[in-house]
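Colleague: Read off the chains here:
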Amino acid sequence: MHFSLANKLRPKNHYHWLNDLIFWGLITVIAVLLVKGWHDMHGSFEINHNESLTVSLNPHLLPYYSLRTTMRLLLGLIFSLLFTFVFGVMAAKYKAAERIILPFVNFMESVPLVGFLTFTTVMFIALFPHSIMGLECAAIFGVFTGQAWNMMLIFYQTIRIVPVELNEAADMFHQNAWSKFWRIECPYSMPGLLWNTMVSQSAAWFAILATEAIPVKTNTVELPGVGAFMAEALNQANVSAVLYSVLALILNIILLDQLIFRPLVRWVHKFKYEDTASSNQNTSWFYSLIRHSHSSLYLSQGLKFFAHAWVYRLPKLCLQLRLNKIIKFSRSGSFLVSRLWYLLVICSCCYYGYLLWQFLPKADLIKMPILMSLTAFRVFAAMGLSILIFVPLGVWIGLNQKLVRFFQPIIQVLAALPANLFYPLVAILLISYHQSLSVWSIFLIMLGTQWYILFNVVAGVSTLPHNLIEASRMFHLRGTLWWRKFMIPAVFPYIVTGIISAAGGAWNAAIASELITWGKTTKAATGLGAFISDTTANNQLAEAALGCTVMCFMVALCIIFVWKPLYKMAETKYRIN
Amino acid sequence: MQTAKILLKAENISKSFAIDNNHQFKVLDDINLNIYDKEIVAFLGKSGTGKSTFLRILAGLMSASSGSVTCNGAKVTTPSHAMSMVFQNFALMPWLSVFENVALGLESSSLGKPVIAQKVQNMIDLIGLSGCEKMHPKELSGGMKQRVGFARALAVEPDILLLDEPFSALDIYTAHKIKTDLIELWESQQIKTRSMILVTHNVEEAVMMSDRVLIWDSNPGRIADEFIIDIPRAERNKRSVLDLVEEISNHHHTQIANAEDRRHKQLNKAS
Ligand SMILES: Nc1ncnc2c1ncn2[C@@H]1O[C@H](COP(=O)(O)OP(=O)(O)OP(=O)(O)O)[C@@H](O)[C@H]1O
Ligand SMILES: [Mg+2]
Chain G
195 MHFSLANKLR PKNHYHWLND LIFWGLITVI AVLLVKGWHD MHGSFEINHN ESLTVSLNPH
255 LLPYYSLRTT MRLLLGLIFS LLFTFVFGVM AAKYKAAERI ILPFVNFMES VPLVGFLTFT
315 TVMFIALFPH SIMGLECAAI FGVFTGQAWN MMLIFYQTIR IVPVELNEAA DMFHQNAWSK
375 FWRIECPYSM PGLLWNTMVS QSAAWFAILA TEAIPVKTNT VELPGVGAFM AEALNQANVS
435 AVLYSVLALI LNIILLDQLI FRPLVRWVHK FKYEDTASSN QNTSWFYSLI RHSHSSLYLS
495 QGLKFFAHAW VYRLPKLCLQ LRLNKIIKFS RSGSFLVSRL WYLLVICSCC YYGYLLWQFL
555 PKADLIKMPI LMSLTAFRVF AAMGLSILIF VPLGVWIGLN QKLVRFFQPI IQVLAALPAN
615 LFYPLVAILL ISYHQSLSVW SIFLIMLGTQ WYILFNVVAG VSTLPHNLIE ASRMFHLRGT
675 LWWRKFMIPA VFPYIVTGII SAAGGAWNAA IASELITWGK TTKAATGLGA FISDTTANNQ
735 LAEAALGCTV MCFMVALCII FVWKPLYKMA ETKYRIN
Chain P
-16 MQTAKILLKA ENISKSFAID NNHQFKVLDD INLNIYDKEI VAFLGKSGTG KSTFLRILAG
44 LMSASSGSVT CNGAKVTTPS HAMSMVFQNF ALMPWLSVFE NVALGLESSS LGKPVIAQKV
104 QNMIDLIGLS GCEKMHPKEL SGGMKQRVGF ARALAVEPDI LLLDEPFSAL DIYTAHKIKT
164 DLIELWESQQ IKTRSMILVT HNVEEAVMMS DRVLIWDSNP GRIADEFIID IPRAERNKRS
224 VLDLVEEISN HHHTQIANAE DRRHKQLNKA S
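Read top to bottom, the protein sequences are chains G and P. In my numbering, each number is its position in the first sequence, counted from 1, plus 194. Counted from 1, the second sequence has number 59 at position 76 by my numbering; the numbering is strictly sequential.
To be clear, the hints were calculated from the coordinates, so they are not data collected in a lab. Here a beta-carbon is modelled for each residue, glycine too, at the ideal position from N, C-alpha and C. Keep in mind that the hints are not guaranteed to be accurate.
When the alpha-carbon atoms are kept at most 27 Å apart in a straight line, the in silico BS3-like pairs for lysine-lysine are as follows [stated by the list, open to error]:
1) P/121 - G/758
2) G/767 - P/160
3) P/128 - G/762
4) G/762 - P/117
5) G/762 - P/121
Here are some chain G residues pointing at chain P (derived, C-beta under 7 Å) [stated by the list, open to error]:
6) 662
7) 664
8) 665
9) 667
10) 668
11) 669
12) 674
13) 675
14) 682
15) 683
16) 766
17) 767
18) 768
Construct the entire structure; sequences and hints are all you get.
Modeller: See the structure below:
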């Protein structure tokens, strides 16, 4: 019945067996590759026997290395999604959880992971002492920290701004909290979540590149992967190997974009609440291939059946098992529980803070302010430059739908390229032309921040209410007047969002870009990043810990005194509703 | 009426939108219209007949696929200084205060700051916004917002005022108040505006305010009929316009029914 209806709506020749063939062929290949990758991730490895692991610079191995890297990326993505759903919902629904989760995630979003690498690696190796999985986990955790915070925040925010009329409609039709979540809140937040995940891909790749070659104790362990390949190529000053790894990475990113993100973007389009004319243009060959295959009919029916069971049968089952009692109970004791919870959090913070203070070398404390301000200066200069250059560019693109359609896919791929991908190339240039890294590292940081700003400004301008653009033309706003009274205020919230989501990456880049190596030569710029890289390379854990702590402190200051006020301003004064 | 000066002239206006690469959707088909000095013209028509599109073409905000618009003898290609527009959902800049919003159109002129401030203040007082200068659009009610919209449009002293359903987001009392204020300002020539075009769905509103009512037909959009309202404005009230409203409504309804009929036939033929 359903089948015949679907056939009626679409002409028969829309479906083609060839599509099915390609689809299942691709699925089989992908499945085989994933199983192979999963198996190799569990090889044995004795960290305590000073066993070393290096990658070979044979370009024929690059496809295999790409597979291993992709495995890490996908696992990191899955964990990020889990985290997003669990903690996003908790923060949105429980005030007591929100009060702790939000500041923590806000903070983590801006903390540069690269500073912490040694510490996280030690932790994961202790978890899996006899398997390479420990190191894999460290890399996966890197991917996780690159995107999870961002994703959770956007999920939390969109759940909270679900339009009132949708909620009221759901209440009218007696939906319970569970079905309301899956039928309304979750679909509503999908486009934003997907968008954010895509934007976070560069951070994920950044983390992968940084974590695949990890200093453990005194020797560096290299996980088989593109990032390790690149690091090894840099160590050996092998130009062609560097170029090969860059190429492999770009191909990998494009492949993931085509097979995962593009189809998802196209699919998620149906969840858009208000559709603007521009958003209709997303196309994906893979999506239309699936769409026009016979299997898609059966698949979608299976999915529908599963979704129905998930949304409506499951709660009934839980009700029969009296699982709802648990939720009721936890709700009723919430006052006491939340007080205890706060107390616990405060106590443990104090305790660990004290331990940390004991551990830190106080002698190095005095030179910290200088290092801090140097690094902070570079970050702000990079942000300022990105804004100056990329806001006008974004506005120019965003105002023209044709340009948006042309540039958006390109920007998406460019934005997914991690900034440290370009470091080797820049390192070669700087070292051969004897330039100072102190200045040029600003541009290295920009490589990461600029895309966020461009991305957001383009998105902001192209979703600007058409009426406002017409009004600005009707009243002949031009030149500086146009910028001052119309465009800058209109894109201000988007610039701020761009800056804030770029912040984490910018600190990361600041740390990573202050010390570049090329074969035997090293270039360093004075700053906190160079201090951290130096101390971790020399296994001076206490000093490294001091560097990280100071960095966290600086990031926290930055959040409280710069990002938050900016965000407040964007939310109140410049919001278009 | 025919001897009066022509302010705005639209000749053979057609407009199509591209649906995708090979399909065009014709919204306007060969429209001719003259707007004379000292008149108010109302556009009445079903949703989607292209009234707003036509208004935007007249304003120079959108270019026609073919045909030309002339205003005071000059071709309109970009937004003309002789025209100004009030938008259905206000289109006020949320980040500017009422005063700055009203000043928006004047600031791009070559006038000095004090002159602008004077003009803006006058207009704010005239439109009944005194005391709200410092407020932001968020803090205003819909009626007040639309008053700001009118003040902003009138502040640039346009010859022709284009109104795209300016009252449809307001309740009838607020709308009535703004309408009477506007007509009074216009008749007593306290504002420099000479003619207006009003897009509306409300027959009574059209009859009460305008000198001519143009009925639009859809698919593709064109002007199907014209009704001249020859009751002097001073004598218009609910009772005196009743017959005319009835007549136009009936006419309009039959026409919509006919259009639906045609559309069904087309659909049947297509399938
Ligand atoms: N930018 C655009 N691209 C494609 N189609 C458009 C565009 N703008 C308008 N249309 C189409 O043109 C037709 C006329 O639209 P328009 O807004 O002019 O109608 P209207 O008569 O003002 O309707 P309403 O009374 O609802 O305001 C509609 O069918 C609309 O879908
Ligand atoms: Mg309209």
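Colleague: Take the hints in turn and mark each one as holding or not.
Modeller: Structure-based check of each hint:
Taken as a hint, the residue 121 of chain P and residue 758 of chain G pair is honoured in the structure, with Cα atoms around 22 Å apart against an allowance of 27 Å. At most 27 Å may separate the alpha-carbon atoms for a hinted pair to count; residue 767 of chain G and residue 160 of chain P exceed this at roughly 30 Å. Restraint check: the Cα-Cα separation between residue 128 of chain P and residue 762 of chain G comes to about 24 Å, which is no more than 27 Å; the hinted pair holds. Between the alpha carbons of residue 762 of chain G and residue 117 of chain P the distance comes to roughly 21 Å, so the proposed pair stays at or under 27 Å and holds.
Between residue 762 of chain G and residue 121 of chain P, the direct Cα distance comes to roughly 16 Å. Compliance with the 27 Å bound is thereby established for this hinted pair. Among the interface hints, the one on residue 662 of chain G holds; its C-beta lies about 6 Å from the nearest C-beta in chain P, closer than the 7 Å criterion. About 5 Å separates the beta-carbon of residue 664 of chain G from the nearest beta-carbon of chain P, less than 7 Å, and the hint is met. Because the beta carbon of residue 665 of chain G sits about 4 Å from the nearest beta carbon in chain P, less than 7 Å, this interface hint is met.
The closest approach between the C-beta of residue 667 of chain G and any C-beta of chain P is roughly 5 Å, which is under the 7 Å cut-off, so the hint is satisfied. With a least beta-carbon distance of about 5 Å to chain P, the hint placing residue 668 of chain G at the interface is held under the 7 Å criterion. A least Cβ separation of about 4 Å between residue 669 of chain G and chain P falls short of the 7 Å threshold, and the interface hint therefore holds. Violation of the interface hint for residue 674 of chain G is found here, the shortest Cβ-Cβ separation to chain P being roughly 11 Å, above the 7 Å cut-off.
Below 7 Å, beta-carbon pairs count as interface contacts, and residue 675 of chain G has one with chain P at about 6 Å; its hint therefore holds. For residue 682 of chain G, the interface hint is violated, the least distance from its beta-carbon to any beta-carbon of chain P being 9 Å, above 7 Å. Checking residue 683 of chain G against chain P: minimum C-beta separation of about 4 Å stays under 7 Å; hint holds. Restraint check, residue 766 of chain G versus chain P: the minimum CB separation of about 9 Å is more than 7 Å; hint violated.
Checking residue 767 of chain G against chain P by beta carbon gives a least distance of about 6 Å; that is within 7 Å, so the hint holds. A least Cβ separation of about 5 Å between residue 768 of chain G and chain P falls short of the 7 Å threshold, and the interface hint therefore holds.
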